[in-house]
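A.B. asks: Once you have looked at the hints, place chain B on chain A.
For reference, the chains in residue letters:
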Amino acid sequence: MQLKNRRNAALREIGTPLAAATCALLGQSAPGVVQAQELMPWDIDTSMLIYSESDGRVQDLSLNLWGRKELREDKFLGLTLAIDSLTGASPSGAMPANVVQTFTSPSGNSQYTVAPGEQALDTSFLDTRTALSASWEMPVARLGLLSVGANLSDEFDYTSTGVNARYARDFNNRNTTLSFGLALANDTVSPVGGSPIPFSPMLGLGDLRNKDGDQSKDVTDFLIGVSQVLNRHTIIQINYSLSQADGYLTDPYKLLSVVDPVTGNPVGGPPGSGRFGYLFESRPDTRDKQSVYALLKRNVGGDVLEVSYRYMTDDWDIDSHTIEARYRFNFGASRYLQPHVRFYQQSAANFYTTVLFAGAALPAYATADHRLGEFDGLTLGLKYGQETSRGSEWSARIEYYTQSGNASPGAAVGALANLDLYPDLNALIAQFSYKFGKR
Amino acid sequence: MKLVMKGVVGLLVPTAVALAGCARVEPWDRDVLARPDMQIVADPVEAAADEHIYFSKEASSGGQGFGGGGCGCN
Chain A
1 MQLKNRRNAA LREIGTPLAA ATCALLGQSA PGVVQAQELM PWDIDTSMLI
51 YSESDGRVQD LSLNLWGRKE LREDKFLGLT LAIDSLTGAS PSGAMPANVV
101 QTFTSPSGNS QYTVAPGEQA LDTSFLDTRT ALSASWEMPV ARLGLLSVGA
151 NLSDEFDYTS TGVNARYARD FNNRNTTLSF GLALANDTVS PVGGSPIPFS
201 PMLGLGDLRN KDGDQSKDVT DFLIGVSQVL NRHTIIQINY SLSQADGYLT
251 DPYKLLSVVD PVTGNPVGGP PGSGRFGYLF ESRPDTRDKQ SVYALLKRNV
301 GGDVLEVSYR YMTDDWDIDS HTIEARYRFN FGASRYLQPH VRFYQQSAAN
351 FYTTVLFAGA ALPAYATADH RLGEFDGLTL GLKYGQETSR GSEWSARIEY
401 YTQSGNASPG AAVGALANLD LYPDLNALIA QFSYKFGKR
Chain B
440 MKLVMKGVVG LLVPTAVALA GCARVEPWDR DVLARPDMQI VADPVEAAAD
490 EHIYFSKEAS SGGQGFGGGG CGCN
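Protein sequence lines correspond, in order, to chains A and B.
If you're matching positions, the first sequence starts at 1 in this note's numbering and goes up one per residue.
If you're matching positions, the second sequence starts at 440 in this note's numbering and goes up one per residue.
Hint data in this document are derived by calculation from the structure and do not stem from the laboratory.
Check each hint, because a few of them may be wrong.
Unchecked claim - Residues from chain B shown here face chain A by an in silico Cβ test under 7 Å; the list is partial:
(1) 464
(2) 468
(3) 476
(4) 484
(5) 502
(6) 503
(7) 505
Stated by the list, open to error - Covered by chain B, according to a simulated footprint, are these stretches of chain A (three or more residues, beta-carbon under 8 Å):
(8) 59-68
(9) 91-105
(10) 177-188
(11) 261-268
(12) 428-434
Ideal placement from N, C-alpha and C gives every residue a C-beta, glycine not left out.
Isolated chain A, as found in the complex:
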């Protein structure tokens, strides 16, 4: 009897790593319990995220649902749903001035004012976004895995549809995986009040002569990557991606201030408009981006270290570096604490400028959108997760994200030299997630 019990215990000990190894062999993550001949039940993750920028800027409440189900043996259906509710104020691209500035809202039906010295924020920012995606994953021969998917997202002024496919194949006794991916998307933008004609001036209330109809763009993404098991505790991944966008890449709500080249003060706008000189921005209609991404993941005495680096470059002359690290302290099998740090740095697009000067010839393209300027970003975060007695898991994370650019670039002449042309962005991210257990 004693012998039998001992034998059962020994079998159980062997069983867990064996099940894990079997899953690894199948290229799947290890479930808590492996049941032969039975399809895996739904994997469901849910989360609520709050993204909140200081100074009354963008606020986002996001609800997310992620599900995965084995419908046939080794064939999985994946579904995601995200609903975002956006409010707050968004920088318009216009620069601060020493006088009160009045802007026409994008609809052309209302106006808002910005106090002297203050950042120009468009307060009419309000949107709800719903995004859906579905994917189907299936094995191809013994060592391949094919995944195809479609996605749809809809906002008040923006619709995106896309399809994607990814094929991964294992080599080298499943220690090496090569993957290829292709994604195609078609986006339509229907700006409130119409899409502004590039470099057209902001007009007065109710005057929509500078507005055009809907616009669209096509985006093609290509990805090739390799992941490699280095040893029993370490895995790495290296990806190369190429993204080509073609069509309307301008932000229909972004402006450029036209200032006096000596005093730096805003100049008058179109006669009778009651506005200073503001022109709608203009961007090229193609953009090619390339990036290289490398990730290392290592088990450190039961904890997990994850370090990644991404280099991105594009034909708008933007280069960026992203370094990210997470360290997951596992306390036993059911609790963990995970600090996170992310450094980001980008150079400016070659057509980025803070202002346009009155009397000077217009460049081919220009934008004052801070996101295309030179800046550094820093994220610091902490996440805590815990497994419940029923095998579910909840986690909560809080992160702080800050962006700082060059507040007074070379274009700052006269009055502009004393104004903050690139105010810092500070945001708080809070997310609560719940992963349903299978027990």
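C.D. replies: Same frame as chain A, but now just chain B:
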């Protein structure tokens, strides 16, 4: 495009060849690598949320997967 393909071949082929020479971990030694927290994307919901946030606030996107997007936020 030619230059891009050269870059892909120049970067990935030597990497793949070098990696193929790495020590092999047998299937029965995959207990650690099979743990959920050791998966390349351990938390897909968090990864998607971050991708969405940084896509809307920075000029870069993607790398780990496709470039996010499908949103008028950028």
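A.B. asks: Does each hint fit the structure? Answer for all of them.
C.D. replies: Consistency of the hints with the structure:
A distance limit of 7 Å between C-beta atoms decides the matter here; for residue 464 of chain B the minimum to chain A is near 5 Å, and the interface restraint holds. A cut of 7 Å between beta carbons decides the hint on residue 468 of chain B: the least distance to chain A is about 5 Å, and the hint holds. A cut of 7 Å between beta carbons decides the hint on residue 476 of chain B: the least distance to chain A is about 5 Å, and the hint holds. Given hint, residue 484 of chain B at the interface with chain A, holds; its Cβ is 5 Å from that chain's nearest Cβ, closer than 7 Å.
Residue-level restraint check for residue 502 of chain B holds (minimum Cβ-Cβ distance to chain A is 3 Å; threshold 7 Å). Because the closest C-beta pair between residue 503 of chain B and chain A is about 6 Å apart, less than 7 Å, the hint holds. With its C-beta approaching chain A no nearer than about 5 Å, residue 505 of chain B sits inside the 7 Å limit, and its interface hint holds. Only residues whose beta carbon comes within less than 8 Å of a beta carbon in chain B count, and the region 59-68 of chain A has 3; three or more means the coverage holds.
With 0 residues having a beta carbon nearer than 8 Å to a beta carbon of chain B, the region 91-105 of chain A misses the requirement of three or more and the stated coverage is violated. For the region 177-188 of chain A, the assignment as covered by chain B holds, since 5 residues bring a beta-carbon within under 8 Å of that chain's beta-carbons and 3 suffice. For the region 261-268 of chain A, the stated coverage by chain B is violated: 0 residues have a C-beta nearer than 8 Å to a C-beta of that chain, whereas at least 3 were required. Evaluation of the coverage hint for the region 428-434 of chain A: fulfilled, as 3 residues show C-beta separations to chain B shorter than 8 Å, against a requirement of three.
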